[in-house]
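Given chain B, put chains Z and G with the ligands in place with the hints provided.
Chains as they are written, first to last, in the numbering used here: chain B, 22 to 336; chain Z, 74 to 395; chain G, 4 to 290.
Some chain Z residues near chain B, calculated using beta-carbon distances under 7 Å:
(1) PRO152
(2) TYR153
(3) GLU169
(4) THR172
(5) SER173
(6) LEU174
(7) ASN175
(8) VAL190
Just so you know, these hints were derived from the structure itself, not from any lab.
Using N, Cα and C, we set each Cβ at its ideal position, and we do this for glycine too.
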Amino acid sequence: MWGYILKRTAAALATLVAASVLIFIFIHLIPGEPAAVMLGDAATPDQVAALRTRLGLDEPLFVQYFYWAGSALQGDLGRSIFFDEPVTSVIADGAQTSILLASITMVWVVLIGVPVGVIAAMRRGSWLDQGLSGLAMLLASIPTFWVGLYLILVFAAQLGWLPSSGYPSIFEEGGLANLRYLILPSLALATPNAALILRLTRASMLDVSKEDYVRTARAKGISPRQVTLRHILRNALLVVVSAFGFTFAALISEAVVTETVFALPGIGRTVVQSILRRDYPVIQGVILVIVCLYLVLNLLVDISYRFLDPRVELE
Amino acid sequence: MLVVEDLVVSVGTPRGALDIVRGVSFRIEPGEILGLVGESGSGKSMTSLAVMGLLEKPGTRVTSGRIAIDGADITDATPYERVRKGNGDVAMIFQEPMTSLNPVRRIGDQIAEAIKVHDPEADVNARTRELMDLVRLPDASLQQGAYPHELSGGMRQRVMIAIALACRPKVLIADEPTTALDVTVQLQILGLIRDLCDRLRMGVLFITHDLGVVSQLADRVAVMYAGQIVETGSVGTIFSAPLHPYTAGLMACVPDPSTGHAPLVTIPGQAPRPDEVTSGCPFSPRCQYAGEPCRDGLVPLVRVGEHTAFCHFPLNMGVAHV
Amino acid sequence: MTATLQGVFGAASARPLTAFGLVFLLVVIVFALASPLIAPYAPLEIDSLNRLVPPNAEHWFGTDHFGRDTFSRVVYGARLALLIGIGVVGFALMTGVPIGVVSALYPKIGRVLMRGVDVLMAFPSLLLALGLIVILGRGVANAILAIGVVYLTTTARIVYGVALRLREETYVEAAQSMGAGTIWTIRKHILPNMISPLLVQASFVFAFAQLGAASLDFLGLGTPPDIPSWGNMLAESRLYITRAPWLLFFPGMMIALTAFSLNLTGDALRDHMDPRFREAMGSRKRM
Ligand SMILES: Nc1ncnc2c1ncn2[C@@H]1O[C@H](COP(=O)(O)OP(=O)(O)OP(=O)(O)O)[C@@H](O)[C@H]1O
Ligand SMILES: [Mg+2]
Chain B
22 MWGYILKRTA
32 AALATLVAAS
42 VLIFIFIHLI
52 PGEPAAVMLG
62 DAATPDQVAA
72 LRTRLGLDEP
82 LFVQYFYWAG
92 SALQGDLGRS
102 IFFDEPVTSV
112 IADGAQTSIL
122 LASITMVWVV
132 LIGVPVGVIA
142 AMRRGSWLDQ
152 GLSGLAMLLA
162 SIPTFWVGLY
172 LILVFAAQLG
182 WLPSSGYPSI
192 FEEGGLANLR
202 YLILPSLALA
212 TPNAALILRL
222 TRASMLDVSK
232 EDYVRTARAK
242 GISPRQVTLR
252 HILRNALLVV
262 VSAFGFTFAA
272 LISEAVVTET
282 VFALPGIGRT
292 VVQSILRRDY
302 PVIQGVILVI
312 VCLYLVLNLL
322 VDISYRFLDP
332 RVELE
Chain Z
74 MLVVEDLVVS
84 VGTPRGALDI
94 VRGVSFRIEP
104 GEILGLVGES
114 GSGKSMTSLA
124 VMGLLEKPGT
134 RVTSGRIAID
144 GADITDATPY
154 ERVRKGNGDV
164 AMIFQEPMTS
174 LNPVRRIGDQ
184 IAEAIKVHDP
194 EADVNARTRE
204 LMDLVRLPDA
214 SLQQGAYPHE
224 LSGGMRQRVM
234 IAIALACRPK
244 VLIADEPTTA
254 LDVTVQLQIL
264 GLIRDLCDRL
274 RMGVLFITHD
284 LGVVSQLADR
294 VAVMYAGQIV
304 ETGSVGTIFS
314 APLHPYTAGL
324 MACVPDPSTG
334 HAPLVTIPGQ
344 APRPDEVTSG
354 CPFSPRCQYA
364 GEPCRDGLVP
374 LVRVGEHTAF
384 CHFPLNMGVA
394 HV
Chain G
4 MTATLQGVFG
14 AASARPLTAF
24 GLVFLLVVIV
34 FALASPLIAP
44 YAPLEIDSLN
54 RLVPPNAEHW
64 FGTDHFGRDT
74 FSRVVYGARL
84 ALLIGIGVVG
94 FALMTGVPIG
104 VVSALYPKIG
114 RVLMRGVDVL
124 MAFPSLLLAL
134 GLIVILGRGV
144 ANAILAIGVV
154 YLTTTARIVY
164 GVALRLREET
174 YVEAAQSMGA
184 GTIWTIRKHI
194 LPNMISPLLV
204 QASFVFAFAQ
214 LGAASLDFLG
224 LGTPPDIPSW
234 GNMLAESRLY
244 ITRAPWLLFF
254 PGMMIALTAF
264 SLNLTGDALR
274 DHMDPRFREA
284 MGSRKRM
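So here's chain B without its partners, still in its complex pose (with noise of 0.2 Å):
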C-alpha cells in the first residue's frame, strides 16, 4: 500500500512540476515585453525598468523558474500588481468563499444526484426513468450562468427570498445566516453537475446489475431489495465516489463563472478581474494552487480507491 502511495505521490508531483513550468512561463508568451505588459500602454519606461529587475526578468529563464519555484515552495506567489499585496493573501480572500461555495455545490450534487440516479436504474425503462434521464441530459447541457441568471430573476428579483449577489463572509456580521448568499450561487453551479452524477450513478448501477456476481447474488434468495443495496449499489459507488474529486475540481473551475454572476468575492472571480487588469502573478498564482488542488484531490481519490476495492493489487 505504502508503495503504491509513494509512486502515486511522485507521478502527482513529477505533473505538478510540468504544470508550473507551464504555468511559470505562460507570461512569457503574451506577445510583449512581460514587465511592459503588466504594467499596460500608459508605464514609463523607468516603470517597466524597475518592474523587469523586480520580477527578476533580466535573468536566463531557466533561472528565472528556479527562483520562481523556489519561492513558490516557500509560500511566495509574488506580488499582485494591481492590489500591491501578497498574491496569496490575495488568494486567500477568495479561496475561503470559493471552497464554501463548491463544498455547498457538493452537498447537492451527491443529495441529489446519487439518489436520483440509483431510483432511475432501479425502474430502468419506466416513464420515470426515461424522463429523469432526459431531464438529466438537458440539465448537464445548459450553461450554468444561464441557471443563475434564472435563480436570480426568480427567487431574488421577483420573490425576494434570497440575496442576489455578494456574500459577506461567515465570520462577519451575520454569521452563519450569511450562507444564504450561497444558495442560489450553489444551486447555479450543482445543476449540471448533479445531472451528470445522477447519469453516471445510473449508468454504473446498470452496469453492475449485469454483472455475473449479482445473479449470485440473487440465486442465493435475498430480497430484490438487498441485492440492489448489498451488492450493485455498493460496487455501482465505487465508479461514482472516483469521479468525486474530478467533479470537485471542475466545481471550483466552473465557479469562475457562476461567482462573476452572483458578483461572489472568490477565486474564480478574482481570475477573471485578473485578467482584465493584466495582474499577471496573480492568474499565476490562482492557477497553480487550482492544479495543485486538483492533483492532491485526485491523488486522495484514487488512494481511497484502493482501500474501497481489494481488487486491485496492491504493488
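Leaving out everything else, chains Z and G with the ligands in the frame of chain B:
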C-alpha cells in the same frame, strides 16, 4: 425430487417472442446426478435458469410447462419468492468462478449472506466454517476474510459450492462448473460434487459439453438438441447403445481417449438457430438416417425400459440394453 | 460508417428524444446557412424607437436595449455556434488523433506525449481556456483554439485507448508481422475502426464547445461584442433581466438545446458503437 414437465421458455426479440426451450421434461431423484449435454446454443443454460427462477432479461419467460420440487410448484418463482414460500431448495453454481463472486466483499460474508436467508437460527460463523470444511477449503478461519481475487479459480468454485450448499438445496444445478478450470482442478471439483451428492442425498443437474465428464460423473444423461431433449437414459445404456442418431453422432465426435487423436467423424452441417427451427425432427436436416416422416409432424417417443428418445428411426434397437 | 448512420436513424425512430435532437440540429444548420433569408432584420440594425419591446408579431423574440431584433440575432448566432463547433471539433481531431495514434504505435514517444496530455488535463478546462485567451487575446479564432486545446486532451486519450486495443488485436499484429508498413496499418486497420468512437466524441465536443464559448463570451473574453453570438446576447441581457426577460430566454434556450441535441446524438451513436471501444470513451468533460 425435481420434476420438469413440458417446459417452454421464450425470449423477446424485435420480431416477437421466440421459443428457445421447446417442451423439455426430466426428473431428478435425490442423490442422483443427471448430466445435460448438448451443443452450444441448444438451450441448456436457459433451461437451468428457468428452473432456478433467474430468467432476468426483459422478455425472457417461461411460457408453459411446470417445474415442481417434492410436489411444490415452483414455476416462475424467483429464489427470493421460493425462500418465502419455504421452497428455497434449488441452488446453482455457474461457469465463471472468476466473475461470479462479488469482488469487493469477503468470501465469508458472501457465504454468510446465504446462511442468514436459509438458516436464520444458525450460528452463522460456525455454519460458515462447517460449509467451508465441507467443500474442503483449507484454513477456513483464514479464508473467511479473504477477497475473491486472492483465491484461485478452483478455490472460488469451492466458495460458490459452499454458497449453494448454504441454501440447503435438494437439487443443485451446476452449469458447466469446470469449463473454466484446468484439468486437475476440474477433477477435484467433479469429485467434490459427486461426494456431496451422495452424502447430502442431493439431486444434481450437471450441464456440460464434455461427454467424458458425463460418463464419469453422471447417473443418467439427457441429450439436448435445438431446445429439446432428444434422448434420456442411464449413462451405461446411452453410451453403449444410443437410440438417437444425434447422440450417436456426438459420441463419434469425442476424441478417442486412448490415442488422443482428433475425432474421425463430425456431424455435417450446423445446429439450427432458434429462429430456424421448423416442424418435424429438428435434427432431420443433418441426419443421415432421416426419411420422409422426419420432416414433418410429431416425432414418436421410443422407449426401451427407462431409456427414451424421440426418433422415427432409432438406432441400436436390437442391442440388448444393460 | 453507413452502419453507424443507420444506427442513429434507427435509434431516432425508436427514441423520440433523439429524433427531436436531430430535427433541432437541422434547424440550427438551416439558420446558419440561410440566415439572411430567414432573419427579418439585419442583426446589427438599431431601432432606437423600439427598445426592449416584448415579443410581438413584428419582433417574434422581442428587441434588445438597442432595439435590435432578437429573433434575427438568434438566427445569425447559429452561424457562430456552428463555426465554433466545427472549429473546435476540427482542431481537437486534427491534433488529438495523430497524438493518440502515434502514442499507441510507438510506446517510447507515447510515454512522453501522453504525459504531456496528462499535464494539460491537470488544468481545469475553463481555466486552461482562459489562460490561453490571455496569451492569444480575445477573438473567435482564439476562442476556438483555446477550447480546442481542452478537447485535444480528451480526444487524444480516447484515440490512444482505442488504438492500443486495436494494436493488440490479432489482425493488426498479424499485418505487422507480415511486414505491413505502419502507415498501411494505420490506414487499413486503425482509422476505419476509429470512425465511430470519433463520431461519438465529436458530438460531445461539439456540444460542450458551445458551453465553453458561451462562458467565454459571458466573461467578456470570447467573441468580440459586435458579433451576435448567443453568449454575447446573454452577457448583454444581464442588465435587463427583470425588464426584458425574453432577452435571457431565447439565446440561452438555443445554447442549451443545441448542446442537448448534440449530447442526445452522441448517446445514440454510442449505443450503436462496438462495445469493445465503449469503455475507452470515458466520461464526458463539460466546460
Ligand atoms: N435475448 C435473446 N434473444 C434471442 N436469442 C437468445 C436470447 N437469449 C438467448 N438466446 C439464444 O438462446 C439459445 C440458447 O442459449 P443457452 O445459453 O441456453 O445455450 P447453452 O446450451 O447454454 O449454450 P452454451 O453451451 O454455449 O452455454 C442460444 O442460441 C442463444 O442465441
Ligand atoms: Mg450455457
